[in-house]
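Going down the list, the sequences are from chains A and B. For what it's worth, this note's numbering labels the leading residue of the first sequence as 95, then goes sequentially. For what it's worth, this note's numbering labels the leading residue of the second sequence as 59, then goes sequentially.
Don't take every hint at face value.
Claimed, not checked - Okay, derived cross-link-like pairs now, DSS-like style, lysine-lysine, Cα gap no bigger than 30 Å in a straight line:
| # | chain 1 | residue 1 | chain 2 | residue 2 |
| --- | --- | --- | --- | --- |
| 1 | B | K207 | B | K187 |
| 2 | B | K207 | B | K188 |
| 3 | A | K146 | B | K188 |
| 4 | B | K224 | B | K207 |
| 5 | B | K187 | A | K146 |
Stated by the list, open to error - A partial selection of chain B residues facing chain A, derived with a Cβ cut-off under 7 Å:
| # | residue |
| --- | --- |
| 6 | D104 |
| 7 | Q231 |
| 8 | D233 |
| 9 | I305 |
| 10 | Q339 |
Unchecked claim - The calculated label-pair distances, taken between Cβ atoms and stated as ranges, are:
| # | chain 1 | residue 1 | chain 2 | residue 2 | range |
| --- | --- | --- | --- | --- | --- |
| 11 | A | S117 | B | H78 | 22 to 32 Å |
| 12 | B | S74 | A | I155 | 49 to 59 Å |
| 13 | A | G122 | B | R149 | 46 to 56 Å |
| 14 | B | N384 | A | Q144 | 56 to 66 Å |
| 15 | A | Q144 | B | E81 | 53 to 63 Å |
| 16 | B | G118 | A | R159 | 36 to 46 Å |
| 17 | B | G236 | A | V128 | 35 to 45 Å |
| 18 | B | V94 | A | Q144 | 44 to 54 Å |
| 19 | B | R239 | A | I155 | 25 to 35 Å |
| 20 | B | A174 | A | R145 | 17 to 27 Å |
| 21 | A | D129 | B | L159 | 35 to 45 Å |
I should point out that these hints are in silico values taken from the structure, not numbers from a laboratory. Glycine included, C-beta positions come from ideal geometry on N, C-alpha and C.
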Amino acid sequence: MAEHTGDVEIVPCPDGPVLVRGSFAIVGATGPSVDRGRPTVALCRCGLSQRKPFCDGTHRITGFRTDDEPTPLS
Amino acid sequence: MHLPPSRGAVSAALASCLLHGDEPDALNDLVEAALVLVDDLIADDDIQISLFMLYELHYGGFDDVDDALEWNPDLLRARARIEARLEEQLRSAVSVTEHPLPTVDAVAGALFRMTAPTAGPGFSRHVAKKADEQQLRELLLHRSIYQLKEADPHTWAIPRLRGVPKAALVEVQCDEYGNGRPELMHSALFAQTMRGLGLNDDYGHYVDQLPAVTLASLNTMSMFGLHRRLRGAIAGHLAAIEMTSSIPNRLYGDGFRRLGHDSATTLYFDEHVEADAVHEQIAGRDLAGALAAASPELLDDILFGAASCLLLDELTAQHLLSAWRNGESSLRQAERSRGTTRTRAPGHYHG
Ligand code: FES
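Let's have the full structure, built from the sequences with the hints guiding it.
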């Protein structure tokens, strides 16, 4: 799929990662930027992925919950 | 690929029609008779190889079969008869315990619960910890019949969807097809894994060795994908595939690494860990969830499609594990006795 130009969409998935699609770069805090691998990525927010910054599905083993976060405006 | 060998009366009659242009009248009589006699279509070699042949006419076809036969009405009639029974069997065999409202969150949540990782020893843990080289080869052979054309059965659904679900399916499929880079197509990565184990990566090369249950998994996807009526089922099926992929693929990769296979060989599995953590969200929410929200009448089929995927995965895993526990090959006996695959003495496996 062609990369989006301009807009970036960030989707906090219930009990899961943050999906990011659009035109963006993941920049290492101290080193080179991270190869995102694909146009839309899932960033870990449970803290337990073994492939950070990406989600690797571990949140489903540990039962990560996001119940108490505010629902974003749609 | 060439038409594979037949496995009984129905597939023999079908092969005559496909190879020699025989009239399909006798075929339809044989199908009707077989469907009366056969109890479990999923386990029936003759029926499943026949269905595989009929569906393959719509994919890559066969080198030795006339392409025009894809739309032969009598062959389509035979296919429809088999499909009706397969669908009936699947609908009565699956258990759907989730009854979500037709909203994105509720449907995605239900699908995530249906596909939740289970604790304890399972198939992928066996692969990670215990499988030997021959078992890894067998695993790749079973998978190859779908993975060498990975994503194709679900692609049939694209023109049958609109709006958000369509965009979601296209987004997932773009990734499956390498985002414009053929060498990164998931089917190409799988071929690379097969070559890493010295296996032939031509589509269908090993089909004669695959038991009915393995073919039934692919045939079910083809049935869901090729019928617009079943677009809910193919959407649910894809969601279930994606939602049961990241963690098992990590474990499969571990199994191949444990036996010393290089990173080119394990790339297919490694790629799926990250890719499917993305895809499961898109397929669960924007494909299946949004489809149910837009067309609530499809909700039951979305859950049915997901449950069918899980059922067939479970049956396939049981088949492989029980063969391996008995120290046997999970491939078909007929093929093994012809010596076309490496076999080992009974008792070799300790899984
Ligand atoms: S959010 Fe998926 S592994 Fe952390």
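Comparing the hints with the structure gives:
no.: 1; hint: B:K207 - B:K187; in the structure: 28 Å, holds
no.: 2; hint: B:K207 - B:K188; in the structure: 28 Å, holds
no.: 3; hint: A:K146 - B:K188; in the structure: 28 Å, holds
no.: 4; hint: B:K224 - B:K207; in the structure: 20 Å, holds
no.: 5; hint: B:K187 - A:K146; in the structure: 24 Å, holds
no.: 6; hint: D104; in the structure: 39 Å, violated
no.: 7; hint: Q231; in the structure: 9 Å, violated
no.: 8; hint: D233; in the structure: 5 Å, holds
no.: 9; hint: I305; in the structure: 5 Å, holds
no.: 10; hint: Q339; in the structure: 5 Å, holds
no.: 11; hint: A:S117 - B:H78: 22 to 32 Å; in the structure: 57 Å, violated
no.: 12; hint: B:S74 - A:I155: 49 to 59 Å; in the structure: 52 Å, holds
no.: 13; hint: A:G122 - B:R149: 46 to 56 Å; in the structure: 51 Å, holds
no.: 14; hint: B:N384 - A:Q144: 56 to 66 Å; in the structure: 35 Å, violated
no.: 15; hint: A:Q144 - B:E81: 53 to 63 Å; in the structure: 59 Å, holds
no.: 16; hint: B:G118 - A:R159: 36 to 46 Å; in the structure: 45 Å, holds
no.: 17; hint: B:G236 - A:V128: 35 to 45 Å; in the structure: 20 Å, violated
no.: 18; hint: B:V94 - A:Q144: 44 to 54 Å; in the structure: 53 Å, holds
no.: 19; hint: B:R239 - A:I155: 25 to 35 Å; in the structure: 31 Å, holds
no.: 20; hint: B:A174 - A:R145: 17 to 27 Å; in the structure: 21 Å, holds
no.: 21; hint: A:D129 - B:L159: 35 to 45 Å; in the structure: 40 Å, holds
Checked against the numbered hints above, the structure breaks hints 6, 7, 11, 14 and 17 and satisfies the rest.
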